[in-house]
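> Here is how the chains run, residue by residue.
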Amino acid sequence: MGWAIAVHGGAGDISRSLPHDRRQPREEAIRHCLQIGVEALQSNSPPLDVVELVVRELENIPHFNAGRGSVLTSEGTVEMEASIMDGNTMRCGAVSGLTTVVNAVSLARLVMEKTPHIYLAFDGAEQFAREQGVEIVDSSHFITPENVERLKLAKEANRVQIDYNAQPIQNDTKKEKPCANGDSQIGTVGCVAVDSNGNLASATSTGGLVNKMAGRIGDTPVIGAGTYANELCAVSATGKGESIIRGTVARDVAALMEFKGLSLKEAADCVVHERTPKGTVGLIAVSAAGEVVMSFNTTGMFRGCATEDGYSEVAIWSDAQVE
Amino acid sequence: MGWAIAVHGGAGDISRSLPHDRRQPREEALRHCLQIGVEALESNLPPLDVVELVVRELENIPHFNAGRGSVLTSEGTVEMEASIMDGNTMRCGAVSGLTTVVNAVSLARLVMEKTPHIYLAFDGAEQFAREQGVEIVDSSHFITPENVERLKLAKEANRVQIDYNAQPIQNDTKKEKPCANGDSQIGTVGCVAVDSHGNLASATSTGGLVNKMSGRIGDTPVIGAGTYANELCAVSATGKGESIIRGTVARDVAALMEFKGLSLKEAADCVVHERTPKGTVGLIAVSAAGEVVMSFNTTGMFRGFATEDGYSEVAIWSDAQVE
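Chains as they are written, first to last, in my numbering: chain A, 3 to 325; chain B, 14 to 336.
Hints in this document: simulated from the structure, not taken from any laboratory.
Hints are not guaranteed to be accurate.
[Stated by the list, open to error] Chain B regions said to be covered by chain A (calculated; three or more residues, Cβ under 8 Å):
hint, stretch
1, 103-112
2, 126-132
3, 232-238
4, 269-279
5, 303-312
[Claimed, not checked] One side only, chain A facing chain B, incomplete, derived with CB under 10 Å:
hint, residue
6, GLY4
7, GLY78
8, CYS94
9, VAL113
10, ILE225
11, TYR230
12, ALA256
Cβ coordinates follow ideal geometry from the N, Cα and C atoms, glycine included.
Produce the complete structure using the sequences and hints provided.
This is the structure in structure tokens:
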């Protein structure tokens, strides 16, 4: 048994005809972040440090809906959220409503380690960030032209969505239409890791839903929904936040293992394929035994994983036609 | 099989020597709120309406830590939160960071029914409240002299706590000291109900922890922690928010029933007595079969329940010395 790590950059209705220039940078980024995590595990960094490090990297990359590159609220602003959990101690931290904090996942960890609380949000979280001296910037730093365009499209469609297929490039007459499905609510980044001693950790971060109401909180900072870790496994979920909250997705994977004796894969597949609506959820998970699963009931999920025995993979869709 | 309902007004280190004038009004209030719920069920009101109605009533009573009577943040303000969940549909709603909304539980229900989201917080939630035209007042409405005193005591003790035993009455030379334990983190109100058809619902509301950091969110609005309902049972938890979040308390009761085949009572007792630290958690729960349980690992829990066969009870401590 050795270490294992998985990362994701969002699950959703990702069209197989996604243009090369919208696909390759993300695959490259996943590969890059995975490598950072692998090197950290190889240096014996604790999984809690590893997941924070990897998610920070994902937050800094503008191609994903977290940190820089976060989708915009209906008011054209960013409201970022994240959570982190340590399997051994089950300590956790979460933040919501951040507008100037460069790395939400790190602030979540500080809430966990420097306060008697688990979850801080909005003004109180921003104030705590300043007290802690974390890196803060003008919120324009997080806003990308693509997301300004996404918001415009969403308002036109009067739908809350994130659509990887839309070409938010000005003057592009060949703009691909938002997919027929319409409700491709994706985004969020996450990382789960386990070391060779079975120590587990999970972290998730997001900008939320494009065109969301100001103040809207999704699954990402809700412990048991978007993030969960205990002594059995570590889970990070992505997809339609409301479905993940309702389905207590991350907690259920661990609960199925503990209360029903399912394996990591059986538990993940059960939650994703039998207990949540199709097209709404994806997750990555690792077990104390060093197993990795990446399950999704959406068209695709930007993801990657690696294990100590040398296996590694970066993918978007599933090869199998039937899940 | 008939209807069943349970209410709680907070679990914690409630001293058995609680003075009459700090005990009787709360018992009376619980009896009153229970009766409101009973009459609603007898009129065939859906459980979702019943739990909202009862929690509104509890919020309006200043003796409990919710709505009027909410404990204060470190800044001397109120930040109220609540959640509600319908077992049949598993639709849910949650709010946090409210300062002027008279009934947080009702706003949570409006989030569930009038938005595509589940959870709204702080400024965005307050804005939504105004758009919905719910009752709002100056936030001084929620602040009671007892809570101003509680905050003062907490700051002096430099501890985050809610202590039912403290006598926050000015000029009272016989002021009882905060209990030796110190970390008596209690408060929150809640209600769970089931009708004779097995329809289930749960709702929880709170002012949070006295002297909490501004922006701190507890278990109450976290679906799966403080509130949960599905087709098997409805659960409302109270106690130390951080322990309830970490322990995914409300979700675990239902998960133990579903995945491990435990009865409602076995599941509740397992979560409260085997899976959470002593002195941190209490919960009320009803099952689709009309059973009721009220479990706590704290010294006491203000509570009451009633069933269609005519049984009803209001209590604070447990008769049994051994849980």
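> Work down the list of hints and note, for each, if the structure agrees.
How the hints compare with the structure:
With a threshold of 8 Å between beta carbons, the proposed coverage of the stretch 103-112 of chain B by chain A holds, since 6 of its residues qualify and at least three are required. Using a Cβ-Cβ cut-off of 8 Å, 5 residues of the stretch 126-132 of chain B lie near chain A, which meets the minimum of three, so the contact claim holds. Figure legend: the stretch 232-238 of chain B, annotated as covered by chain A; annotation consistent (4 residues with Cβ-Cβ distances under 8 Å, at least 3 required). Counting residues of the stretch 269-279 of chain B whose CB lies closer than 8 Å to any CB of chain A gives 3, so the stated coverage by that chain holds, three being the minimum.
Coverage of the stretch 303-312 of chain B by chain A is violated in this model, with 0 residues showing a Cβ closer than 8 Å to a Cβ of that chain against a need of three. Among the interface hints, the one on GLY4(A) is violated; its C-beta lies about 28 Å from the nearest C-beta in chain B, farther than the 10 Å criterion. With a cut of 10 Å, the hint placing GLY78(A) at the interface with chain B is violated, because the nearest CB-to-CB distance is about 14 Å. A least Cβ separation of about 6 Å between CYS94(A) and chain B falls short of the 10 Å threshold, and the interface hint therefore holds.
Taking 10 Å as the C-beta contact cut-off toward chain B, the hint placing VAL113(A) at the interface holds, the least distance being around 9 Å. Given the 10 Å rule on beta carbons, the hint for ILE225(A) holds: about 5 Å separates it from the nearest Cβ of chain B. The beta carbon of TYR230(A) comes within 8 Å of a beta carbon in chain B, closer than 10 Å, and the hint placing it at the interface holds. For the restraint placing ALA256(A) at the interface with chain B, the shortest Cβ-Cβ distance is roughly 9 Å, inside the 10 Å limit, so the hint holds.
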